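Visitor: For reference, the chains in residue letters:
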Amino acid sequence: EDKVVQSPLSLVVHEGDTVTLNCSYEVTNFRSLLWYKQEKKAPTFLFMLTSSGIEKKSGRLSSILDKKELFSILNITATQTGDSAVYLCAVVYGNKLVFGAGTILRVKS
Amino acid sequence: DSGVTQTPKHLITATGQRVTLRCSPRSGDLSVYWYQQSLDQGLQFLIQYYNGEERAKGNILERFSAQQFPDLHSELNLSSLELGDSALYFCASSAAVAGPSTDTQYFGPGTRLTVL
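Taken in order, these protein sequences are the chains called A and B.
Residue numbers for the first sequence follow the numbering used here, beginning at 1 and rising by one.
Residue numbers for the second sequence follow the numbering used here, beginning at 1 and rising by one.
Don't read these hints as lab results, they were simulated from the structure.
Please note that the accuracy of each hint is not assured.
Unchecked claim - Within a straight-line C-alpha distance of at most 30 Å, the following computed BS3-like cross-link-like pairs (lysine-lysine) qualify:
#1 A:Lys108 - A:Lys40
#2 B:Lys57 - A:Lys40
#3 A:Lys96 - A:Lys40
#4 B:Lys9 - A:Lys57
#5 B:Lys57 - B:Lys9
#6 A:Lys3 - B:Lys57
#7 A:Lys37 - B:Lys9
#8 A:Lys68 - B:Lys57
#9 A:Lys108 - A:Lys67
#10 A:Lys41 - B:Lys9
#11 B:Lys57 - A:Lys41
#12 B:Lys57 - A:Lys67
#13 B:Lys9 - A:Lys40
What the hints assert, rightly or not - Now the stretches of chain A that chain B is said to cover, found in silico as 3 or more residues with beta-carbon under 8 Å:
#14 41-47
#15 92-98
From a predicted model like this one, the values you see are computed outputs, not experimental measurements.
Virtual Cβ for every residue (Gly too), placed ideally from N, Cα, C.
Chain B on its own, in the form it takes in the complex (with noise of 0.2 Å):
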């Protein structure tokens, strides 16, 4: 168990919803990163929030959005959901502060996202 919590870890919704998908850092981390595990692009790094603050930016759609709150917590929000948005999504969390870590990243155990 790393420490990271996600909800929910299975979601299955039709093409053109919106989703939520939430995450919980390890106590004491303030950077949350978000990634997509799918089975033709691997794994992606979609966007990094240190402290509420948008850190880095990875390869995240434009229908993809993310905020993290006040209590760290941080929430994935998915619109107009497409077909290839199906996928693993993994929050993880890291004490460091500037970029993509280079301090360990400890991930959650994942949601899995289908849209049909």
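Excised from the complex, chain A in its bound form (with noise of 0.2 Å):
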């Protein structure tokens, strides 16, 4: 069954750390993997992934992709209490779209 899943599912990290949530994947027909941002509202996008070993950055975040492993990293570097949210990863193949369960992330001053 194709799945895509999340870890870890949840961490608690002061303000300054670095943090790196983790998405993998078990699907045929890969096409892109997205991340996501969602507070207490509607998901916001933060990254499209469709080549290996390509960083995406913006600003203190990064993102890469490794397709031979199947699986993608969001790096979110001098975490600030904003951070905190829902990060959701979501995985398009064929004409289908999973997402993945989420990685609560909470950022403590």
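Using the hints, build the complex out of the two chains.
Guide: Structure representation (structure tokens):
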């Protein structure tokens, strides 16, 4: 069965820490992997990854995809309380899109 | 503000009833997607329409249906509602054509449905 698994389920860090969130997938006909940040409202788009080994970067956030090992990581450096959110990974394959369960990140001041 | 609008914001109804959720995409976007987010199921893709035609289908129940109108707004119809249908329903839009988007999707604020 096709699936998308995110880890950890949740984590709590202090401001200034660096965190790494993981997303692994087992799908056929992979097309792309998307990262979203969801606070108390709708998800907001962070990155779209289609090629292995090419890092996408936006400020303190970066992400990379490994299509051989079938996973992606999302890194957040120098975390801030505003980074507290649920981070969702989604995989587009064939004509389907499946989300992982998300990682709950809480950044304490 | 993503530019995607959804109405109503909240909806409370009883089991067995039928409701309609409405979504207006961002100006210029032709694709509309519907998602369901519940505590036990997470975020689930339901269906995509592009310029009035169905393009991709996810985990949408037979009791649910959607359509996209010539002015590109979309409606999600939920019938014979059950307690388990209580969830946050998101609409998203993108410029993409084929299948679930490899293009950026912009999410609306969601409609929270509570079935009592």
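Visitor: Taking 30 Å as the top limit, are the C-alpha atoms of Lys68 of chain A and Lys57 of chain B close enough?
Guide: holds, 28 Å
Visitor: Given as covered by chain B, does the region 41-47 of chain A meet the bar of three residues or more with CB within less than 8 Å?
Guide: Our answer is that it holds, as 5 residues pass the Cβ test (under 8 Å) against chain B, meeting three.
Visitor: Checking one constraint from the list: CA of Lys57 of chain B to CA of Lys41 of chain A, max 30 Å. Satisfied?
Guide: Given pair Lys57 of chain B, Lys41 of chain A holds - Cα atoms ~24 Å apart, limit 30 Å.
Visitor: Holds or violated: are the alpha carbons of Lys57 of chain B and Lys67 of chain A at most 30 Å from each other?
Guide: Answer holds: Lys57 of chain B to Lys67 of chain A is near 25 Å, not above 30 Å.
Visitor: Compare the distance between the alpha carbons of Lys108 of chain A and Lys67 of chain A with 30 Å, and conclude whether the hinted pair is satisfied.
Guide: violated, 34 Å
Visitor: If you draw a straight line from the CA of Lys41 of chain A to the CA of Lys9 of chain B, is it 30 Å or shorter?
Guide: holds, 12 Å
Visitor: Taken at face value, is the distance from the CA of Lys57 of chain A to the CA of Lys9 of chain B at most 30 Å?
Guide: violated, 34 Å
Visitor: Could you grab the alpha-carbon distance between Lys57 of chain B and Lys40 of chain A and see if it respects the 30 Å cut-off?
Guide: holds, 27 Å
Visitor: Is the Cα-Cα distance between Lys96 of chain A and Lys40 of chain A 30 Å or less?
Guide: holds, 26 Å
Visitor: Take the C-alpha atoms of Lys9 of chain B and Lys40 of chain A, compute the straight-line distance between them, and say whether it is at most 30 Å.
Guide: Holds. Lys9 of chain B to Lys40 of chain A sits at ~14 Å (cutoff 30 Å).
Visitor: Tell me if the straight-line CA distance from Lys37 of chain A to Lys9 of chain B falls inside 30 Å.
Guide: holds, 21 Å
Visitor: Just to be careful, I want the Cα atoms of Lys57 of chain B and Lys9 of chain B compared with a cutoff of 30 Å; is the pair within it?
Guide: holds, 24 Å
Comparing the model with each earlier hint shows violations of hints 4 and 9; every other hint is respected.
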